[in-house]
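My request is simple: use the sequences and hints to build the entire structure.
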Amino acid sequence: MSLAIPNGLDNTVERPGERAPLVLGETTYHDITEAVCKVSERPPSASWVGGFLIAFALLQVLGLLIVYLIYTGVGVWGNRSPVFWGWPIVNFVFWVGIGHAGTLISAILFLFRQDWRTSINRAAEAMTIFAVVCAGTFPGIHVGRAWLAFWLAPYPSLNLWMWPQFRSPLLWDVFAVSTYGTVSLLFWYMGMVPDLATLRDRSKNKYRRLVYGLLSLGWTGSSRHWMRYEKAYALLAALAAPLVLSVHTIVSFDFAVSQVPGWHTTIFPPYFVAGAVFSGFAMVLTLMIPTRTILGLEKLITIRHLENMCKIILATGSIVGLAYGTEFFIAWYGQVPAEQFAFLNRAFGPYAWAYWTMVTCNVISPQLFWFKKCRTTPWIIVVISIFVNIGMWFERFVIVVSSLSRDYLPSAWAYFEPTWVDWGMLIGSFGLFFTLFLLFVRTLPVINMAEVKATLAKQEHMKHLHGHGDTSAETH
Amino acid sequence: MSETKTETTVHGMMAEFTSVDSLLTACRRIRDAGYTRTDAFTPFPVHGIDKALGIKPTALPWIVLIAGMCGTSIALMMQIWMNGIDYKYIISGKPFISLPAFIPVAFELTILLASFGAFFGMWALNGLPKFSNPIFTDPRFDRATDDRFFLYIDAKDERYDSVGVRSLLADTGSDYINEVVEDESPKDVPKPIYLIWGLSIAASLVPLICILTMRVTNSSSPRFHIFYDMDFSPSKDAQQVTSLFVDNRAMRADVPGTVARGQLEDSLDVLTGIDIDALTASNPPRVERLVRAYLQDDKDAQAAEDAEAASAETPAADATAEADATAESGDKADADAAPADDAETPAAAEPSVMDTTPWLKANPLDIDAELMANGQKNFQIYCSVCHGMNGRGNGLVNRRAQEKMFDTWVPPSSLIQDTLYSDKYPDGKLFSTISKGIRKMPGYASQIRVKDRWAIVAYVRALQKSQKASLSDVPQAKKTAVEKAVAVAKAELKRQAEAAEKSAAEQSEEKQGGEQDAQQK
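Residue numbers (the numbering used here), protein chains in the order written: chain S, 1 to 476; chain U, 1001 to 1521.
You may find that some hints are simply not true.
To be verified - Dumping the calculated SDA-like pairs for lysine to any residue here, alpha-carbon to alpha-carbon at most 20 Å: (1) U/Lys1130 - S/Leu215; (2) U/Lys1130 - S/Gly218; (3) U/Lys1094 - S/Leu170; (4) S/Lys206 - U/Pro1186; (5) S/Lys311 - S/Ile108; (6) S/Lys204 - S/Glu34; (7) U/Lys1191 - S/Leu214; (8) U/Lys1156 - U/Arg1166; (9) S/Lys206 - U/Phe1131; (10) U/Lys1468 - U/Lys1479.
By construction, these hints were calculated from the structure, which means they are not laboratory data.
These figures come from a predicted structure and were not determined experimentally.
Listed below in structure tokens is the structure:
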């Protein structure tokens, strides 16, 4: 694709004593507004309409399959003794993992003052929320009687006359995922209000102005408001940072607190979190690279942004690879026969094909990012990211299915086989995800304009203060 | 502008700037000029402007802290109340109030409520949402969210003076200065919005009203179920009518020749001692009768079955009884009388039911030490009173009867006779005899459980074997020990035979089993 990066658009070169620009070209504040707002103001392009129709059709597949499932019963899945968790839980963990990059970019990179996050955080946060929506669907329908899923909530029930069991990781999960979804939504919406005000102020259409006016809550850009807003944003970031780490930790407790060989390991929480960040960034890249090209946002989402994300993928992918090795080491070192068998069974048992798919995609493919050419060539990044997504789905498959299908009692062993409903729901969940994402791209500001403008201001300011040092931008 | 002042309320003065730096300079100027009710409007947060305008820090962090602490305490109290006090779950013997397990939910709720505090607290402190704001009347203010920076001095400021403020702002380099006036646009919310609002509220109340109405009203029709939740089973109760079968009965009889679940434990083979497969081949009507008798508690079939068995035994009964009597009389020389037993096989001239029935050749239960012990126990309780502890037919009752010389007494059979060994008297037949009785012996089916009866069969076989064992029956490991014991016993016998009379020999016969075994060989 862009083998030759146009002049002035290569910001991947490190120059000593100078920060690489994050907004490229002779861009003004107004150019940023134009570039971002145009996306939702112009009529939808043919590629958007086509993509939306496909995604929406897949969403209907998911919806119809859920109706079929509720009407018929959970027997339509491949979940059979002893693998009762099967694909619904694999998909749940997969989607929750995808949902980790957004808040990580918004919160943790914010706390580390990584300015390059500003161009990608909005879309990544949106992706987080849509991934959590997909994730939440699966346990909701996996409970069997989905219309009674509200029993998960601790409410004074006159029918049950009992409370939930708070010592179960499954209930912790309910709290963790719902808190994560809620806080991510608040964070996302709060970050969007100033940009919604921009859309409101640009609206020519009465109804458009009304809707954006309501959504932007009467935002004026007052300095007092901005001060409290920034404080709230920083506080939310500080709250969301441990939250994002806690969510996949608690998801991993679903497994680690049990006694199934292959699940009962203390390495799970950090290993799951690293895997979640890994898969989340892969999904961000998979989505952002086509998005930036189609919407013409190359000056705002630059190669440097992509390269930084590739570096995170390389780091987390290596952590994941290390975790795979550590698991085997501990299985050998722990000298528990069932545990040893579980890991040998993963690598050489009936699911060896899934295990080696996982290792190839997750451990080997991201190592290509050691090469700068791979980190800076968009199509290579997309290909590797898709491999990582596939690998991470298989990781959850390997953990859930291979452990359950062969645990302590050999007479109960069985080989799990998915049904067409399992397949349909996995594909349909992508329909849900892409439908929401495409609607988001059309209707809401895809890039955090206010933050990018602030980054641009800082960049301009630094140009003026050349030679006065980097930190002087903060003080006046 | 002064003429508009009389007609509309003036809210303040607005000046536009094109860069952050010019805005900051202007801010400092008006701050130094002593204005306090000022504000700046910018498309992005401008750092340093709070100092330039003299904005005080916000109390938001305190709100967040308090909200977060509320989250922690609500979560802990909730979990302690729900799982530790109100509804106690016993989970792996852990304490009901197990704080470590309550940490995750406490953590999540802390974050959740603190986030609510930050989010809602920020909007509340900012006085938002506020949809009608006079500054929006400024025609160029739309660019405040795009690329322009605005400085605003409120008319409520003590030093506010329209002309002075205008000149001060013009001094700072602004080329657009405008007075902010009251918003004259109609304040009423458009009617369609009210309509939509009202309709959606009404629509959202419909389900709630339906549910509440259903809860408080009585109805003669069954309650409405969206999901059946297995509340209603399509199965029929006994005695109900169904259209599924020609006889219209919901309750079905077992199909002949089948065994219902739960009854499999005692299959027909085990219950009767008959090889049912073989019998099915030769005599299906009898199998059907056995099914009715044993599996369906059909009294008539039971009686017919018993009658046939009884009639089968009568012709031979007397002969056997006599033979047994003679055997008993020669009891003292039982061991030697074995050949005689062989000779007195009951007349097998006409094949009776007992002979033609395909009896089970082997015990259907797995024979182990436990079963043998059970068989021994039951044999000693129920059988030994007549048949004797060693099965030779000389139990207490028999001895007493012999003493009293009852002429109606039919002496019990010795079980150690060749006709009763498994080659001639299969296990199944022995079981059947125990169950139904023979001659004067009553059936024990009502007193001894099926499994115990089979255990007795196994024990009788062991008794028989022990009485006629050969050295080859001894396990290889114990053979040398036995041979040694035999040698010792033989030497002892020889010595005794030389030394003592026949009475002494009799005594040696009653010695314990091991030596006796050895001696017999």
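* Hints the structure fails to honour -> none
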